[in-house]
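Undergrad: Mind docking chain B on chain A? Use the hints.
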Amino acid sequence: MKKEFIITVYSENHIGLLTRITIVFTRRKINIESLTVSESAIKGIYKFTIVIKETEAQTQKVVNQLEKLIDVLKAFYHTNEEMIYQEIALYKVPIEPIYESDAIEKIVRKAGARILEITKDYVVIERTGHKEETQALFEELNKFHVMQFIRSGRVAITRDPIERLSEFLKERDAFLDSLD
Amino acid sequence: MTTKRVTGSEALILSLLEEGVDTIFGYPGGAIMPVYDALYDYDKRVNHILTRHEQGAIHGAQGYARVTGKAGVCFATSGPGATNLMTGIADAMIDSTPLVCITGQVASPLLGTDAFQESDILGMSIPVTKWNYQVTSPDEIPQAIAQAFYIANTGRPGPVLIDLTKDAQFGELDFEYKKCTKIRSYVPETPVDPHAVKEAVDLIDAAKKPLILFGHGIIIGRAEQELKEFIEKTGIPAAWTIMGLSALPTDHPLNVGMLGMHGNYGPNVLTNEADLIIAVGMRFDDRVTGKVSEYAKKAKIIHIEIDPAEINKIIKVNVKVLGDSKKALKMLTYNAKENKHEDWLNEFKKCAEIEQEKVINRDLHPVKPGLTMGEVIRLASEKSNHDAILVTDVGQHQMIAQRYFKFKHSRSNVTSGGLGTMGFCLPASMGAQIGAPDRKVIAVIGDGGFQMTIQELGTIAQNKLPVKIILLNNNFLGMVRQWQQLFFEKRYSFTELQNPDFIMIGKGFGIDGHKVDKREDLESSVQKMMDHDGPYLLEVVIEKEDNVFPMVPTGASVSDVILEP
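Protein sequence lines correspond, in order, to chains A and B. The letter at position 172 of the first sequence is residue 171 when you use numbering that gives the first Met the number 0, and the numbering goes up by one with no holes. The letter at position 483 of the second sequence is residue 482 when you use numbering that gives the first Met the number 0, and the numbering goes up by one with no holes.
There are no misleading hints in this set.
DSS-like cross-link-like pairs, simulated, lysine-lysine; straight-line CA separation at most 27 Å:
#1 K67(A) - K319(B)
#2 K73(A) - K181(B)
#3 K67(A) - K325(B)
One side of the interface only, derived from the structure: several residues of chain B facing chain A at Cβ under 10 Å:
#4 G122
#5 P126
#6 Y132
#7 Y185
#8 D306
Honestly, the hints are just simulated from the structure, not real lab data. These numbers come from a predicted model, not from an experiment. All C-beta atoms, glycine included, are put in the ideal place defined by N, C-alpha and C.
Just chain A, with the same shape it has in the complex:
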């Protein structure tokens, strides 16, 4: 059965790696639902967070093939339940309805969103949360005709108490030293 999996890839920061990683998915005709890349807590090591809808067996094979890439240090996969994750969304809403009633203010309060910028023409509202939550806010705000809407890729951390990457790097260094 297909369901959402969050794949985390730790890699060296080398040109072309994004293509190498995405090819592992496109080759198996797997659509990437969301992709976020940024430097991890450890300098020089980058973290890819990739969301796909797939079977666990297929996800496992993809993760094995990701780990096979020369510049990839480690890849993991998790179910949504095993991770804490967020996406961020920005909404640009025209200013008039705010002058006219407190409806938007109520929506913003209820959703725990915040206002980033107010101009004479529009306000920009920010909300973080799961996709359903940012989508729900979009539906609410769109009654007032959202001018622009953007949602980020997902960022996620595990519920594990330990930082897996630093543990892993220690093990890897010790292992490579043992080969000398």
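TA: Using the frame of chain A, we list chain B on its own:
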């Protein structure tokens, strides 16, 4: 360490020499001219083979790599030169062949501008290389080359491509070389886990009908002796994939033959009777497994493999033994009990007798007038004392050659296994001959594949490579025609060829040869070819519509192998 001020191009050549490179296959062009200029001063220390096409260069490098176990090296220019390497790179990737491909590239300020002969070879080669890298500054060259060889040769080997911009070739650096011994993000092999070995040994000792399936991993891991010791102690029959062929001598009593679509009857049928499958250095290719859902259902599976991504990829395994095949087999042999499986072996013998009667006699000792591919292969093997390097192309002749050529020594079978690249044989045979100058190299090619890279006859002639070329000519793309006959109601859609006078073409390139179409002349013809000093082209006109059997039809189970039409 002393340093020397050199150009990027010279640094490249010096780096290759540091890696022990003695042969380069290549083709010059605009964007790699500085490298060729540097090469001019080193022609005493490294042998450059000028091919007639870049595809010839890369297949040559593959042939060299397969017989020597060393990374093959090839040069090509940017744009079309680089893209012409692509088929060979993909071939090397799927057959785990170590290659270092060096391509020229337009100067770095021109990158991305659609400059003359610019192609994004880095982007294009990503899916088919183990690793690739673009060098835009001369300082990067020594390290890039060191990493390239380390990655190409270690773990599960594969092709690596280094793209050198022209300004990096012209620029200068202080040359200093340090071999690469590790890369933080890359673990070439995991140490063999003794617990996994224990689990495997328990299954091996308990099995009544165990079968070993071995592949290229035995040859790559130089584990031929360990394989032999393992099967001799445990008494387990061993069957091979075509990439594993020659790792175990043909006449070894426990060698039960070839797996897969055109493999031997016994190993296919009995795969589905076995209670234990021990797969070593093979990857359960679909041509080997047939219908996966009906594959080896009665067996527990042990998979000994260096590449973790192969585990459970096709066949779910009971015990995985990750790591080097040589080390793993040594540990298994040490721990497993001595055993014999006579009844089980007898089942293979019975199958072999059935196959002998229904297929092999007809192939090797035909009574009908037309010549068969099988009798030609049998003679070629006999006349070379079963001790030649066999290089094959792709199709019917390939399957027949894999079935009937005999081997005494490992690294003697060079073929395009995973990708099935027509045109592979002729250039690969010259690489094999250069890699093994003291051995007899026999290139067996069909009339289709021969015409895909026929221009390499020029390279063979220029370098006086004594390759013995056997052209099996049925004026058909035989394997496709066979499928059309069996599965497409004999609708022979575009498979018949109007062929040229091949012997005249050979002579035009300066290669002697002759054509034979009668059985009474065949043996003396093969003998004449073997005795000839230098390259020789023997064209054998064979029966037009012969088929290769046994056959596991696509999508059928291995036990549904067909022995005759």
